[in-house]
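**Student:** These protein sequence lines are chains A and B, in that order. Using our numbering, read the first sequence as starting at 162 and increasing by one per residue. Using our numbering, read the second sequence as starting at 10 and increasing by one per residue.
The reader is advised that the hints may include incorrect statements.
Rough simulated footprint, nothing fancy, chain B against chain A, three-plus residues with beta-carbon under 8 angstroms [unchecked claim]:
(1) 212-225
(2) 262-271
In silico negatives: residues of chain A with every beta carbon more than 12 angstroms from chain B [as the list claims (entries may be wrong)]:
(3) Val174
(4) Ser175
(5) Ser179
(6) Ser187
(7) Pro240
(8) Asp246
From chain B, some residues computed to sit far from chain A (all C-beta separations above 12 angstroms) [as the list claims (entries may be wrong)]:
(9) Pro17
(10) Val28
(11) Gln50
(12) Gly51
(13) Leu52
(14) Pro70
(15) Ser71
(16) Thr79
(17) Gly80
(18) Gln92
(19) Thr111
(20) Gln112
These aren't lab readings, by the way, just hints derived from the structure by calculation. Note that CB positions come from ideal geometry on N, CA and C, so glycine has one too.
What follows is each chain in one-letter form.
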Amino acid sequence: AQSVTQPDIHITVSEGASLELRCNYSYGATPYLFWYVQSPGQGLQLLLKYFSGDTLVQGIKGFEAEFKRSQSSFNLRKPSVHWSDAAEYFCAVGGYSSASKIIFGSGTRLSIRP
Amino acid sequence: GAGVSQSPSNKVTEKGKDVELRCDPISGHTALYWYRQSLGQGLEFLIYFQGNSAPDKSGLPSDRFSAERTGGSVSTLTIQRTQQEDSAVYLCASSLGPGTDTQYFGPGTRLTVL
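Pulled out of the complex, with its shape left as it was, chain B reads as follows (with noise of 0.2 angstroms):
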């Protein structure tokens, strides 16, 4: 696709519940990152990918919290047992390389946990 798509866009879930929120990065992006916007706060960043592997996974902020990456190229963060806490919008990077290079932004998902 040309940019980086998210999916859902919305998700409504009850405390306790597990969520999966998909990445789709644009083709070719080896770099991918998560982070998390709670309402009217900055980025908070979440964890980074390197083609399969998470050199730096060190904003997780709980082990409720964990990702993985498929073949270079979809991401999947999950979200076990989650709390009010964690409601908030949960954005998607990719860039072509890690660092240096621009990050292109998916639209996000906006998590909503009752």
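Just chain A, with the same shape it has in the complex (with noise of 0.2 angstroms):
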């Protein structure tokens, strides 16, 4: 069965420091992913997304994450962050077959310590 599993449900950080947020995956063929965050009060937005090739992918507000096949894993990063990343993230998978949807982890809510 397809799912996201994000382990971390609150994570804080410092103002400057460097980020990880985890997210594991069990997808049965080869899986399309993407990083969604929810600001406040705002819609949720695509950061970024990986279908294939290089399995380090670029995102929007300087943010990246890398695909690992051995361990099931996209885990988005950034090296310093921002005070306005303070939001929730979501991790997905979604296949290529015309009836496939996209499955949505459970978030990661992030808190910037001043």
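Relying on the hints, combine the two individually framed chains into one complex.
**Tutor:** As structure tokens, this is what we get:
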């Protein structure tokens, strides 16, 4: 069965510190992987996505994610966080079947310590 | 329009009443998704449309929930005989195609059942 696990419910980091948000997936075929961000009072916005090719993917707002097939992981990273990065982050997995849907993880809430 | 729109933005209803939530996807997007986000929870998949047909209705929580899409565009999610546990934010998303494509989310409809 397809599933996405985000093991960290809530993370707090200091402004300027590095960030890594974990995501593990279970999928029977080649996965398509996404990270979305939901800022307070805002809709969900795509940060980045991986379909194939280079396993290190660059996204908007200085975020990147690395696909590791051996670990079934797609962790999100940022070298230096800003206060505006405080938000809820969702990892998602999809497939290339015409009937496939995207499955979201339960989210990780990021707080920034001044 | 420029993005996915949903109406109403807020809906307060009494237990037992029926409600209809509307989603206008981005023009040309063939895939349309409905999700539910309860307070502090992740995104719960409800139903997915490709064109006017729904290949996946597996997420609808009960037979009180139904959805339709007409003209490959507007979709309506109907909840009959609402219950307090139906209170949540209902999100709609659309994408150019299924599975692999980026989903663009609407702002959501906040439903409160008293």
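**Student:** All the hints need checking, so say for each whether the structure fits it.
**Tutor:** To see whether the hints hold, each was checked on the structure:
By the rule of at least three residues with a Cβ nearer than 8 angstroms to a Cβ of chain B, the coverage given for the region 212-225 of chain A is violated, with 1 such residues. Check result for the region 262-271 of chain A against chain B: holds, 7 residues qualifying (beta carbon to beta carbon below 8 angstroms, three or more required). Annotated as non-interface, valine 174 of chain A keeps its C-beta farther than 12 angstroms from every C-beta of chain B; the closest such distance is 20 angstroms. Annotated as non-interface, serine 175 of chain A keeps its C-beta farther than 12 angstroms from every C-beta of chain B; the closest such distance is 24 angstroms.
The Cβ of serine 179 of chain A sits about 25 angstroms from the closest Cβ of chain B, beyond the 12 angstroms cut-off, so the non-interface label holds. Non-interface call for serine 187 of chain A relative to chain B: holds, since the shortest CB-CB distance, roughly 16 angstroms, exceeds 12 angstroms. No Cβ of chain B comes within 12 angstroms of the Cβ of proline 240 of chain A; the nearest lies about 24 angstroms off, and the non-interface call holds. With a least beta-carbon separation of about 19 angstroms from chain B, aspartate 246 of chain A lies farther than 12 angstroms from that chain, consistent with its non-interface assignment.
Consistency note on proline 17 of chain B: stated as away from chain A, and its beta-carbon is indeed over 12 angstroms from all of that chain's, at 16 angstroms minimum. With a cut of 12 angstroms on Cβ distances, valine 28 of chain B stays outside the contact zone with chain A, its closest approach being about 21 angstroms. Chain A draws glutamine 50 of chain B into its interface by the beta-carbon criterion, the shortest separation being 7 angstroms against a cut-off of 12 angstroms. With 12 angstroms as the threshold on Cβ separation, the claim that glycine 51 of chain B sits away from chain A is violated: the shortest Cβ distance comes to roughly 4 angstroms.
Once the 12 angstroms rule is applied to beta carbons, leucine 52 of chain B is inconsistent with being away from chain A; the minimum gap is 4 angstroms. Residue-level check passed: proline 70 of chain B sits 16 angstroms from the nearest beta carbon of chain A, beyond 12 angstroms. Residue-level check passed: serine 71 of chain B sits 19 angstroms from the nearest beta carbon of chain A, beyond 12 angstroms. Residue placement check: threonine 79 of chain B keeps its beta carbon more than 12 angstroms from all beta carbons of chain A (closest about 20 angstroms).
Residue placement check: glycine 80 of chain B keeps its beta carbon more than 12 angstroms from all beta carbons of chain A (closest about 20 angstroms). Every C-beta of chain A lies more than 12 angstroms from that of glutamine 92 of chain B, the closest at about 23 angstroms, which supports listing it as non-interface. Look at threonine 111 of chain B: its CB is around 5 angstroms from the nearest CB on chain A, not clear of 12 angstroms, so calling it non-interface is violated. Not every CB of chain A is more than 12 angstroms from the CB of glutamine 112 of chain B (nearest about 6 angstroms), against its label as outside the interface.
Consistency note: the structure conflicts with the earlier hints numbered 1, 11, 12, 13, 19, 20.
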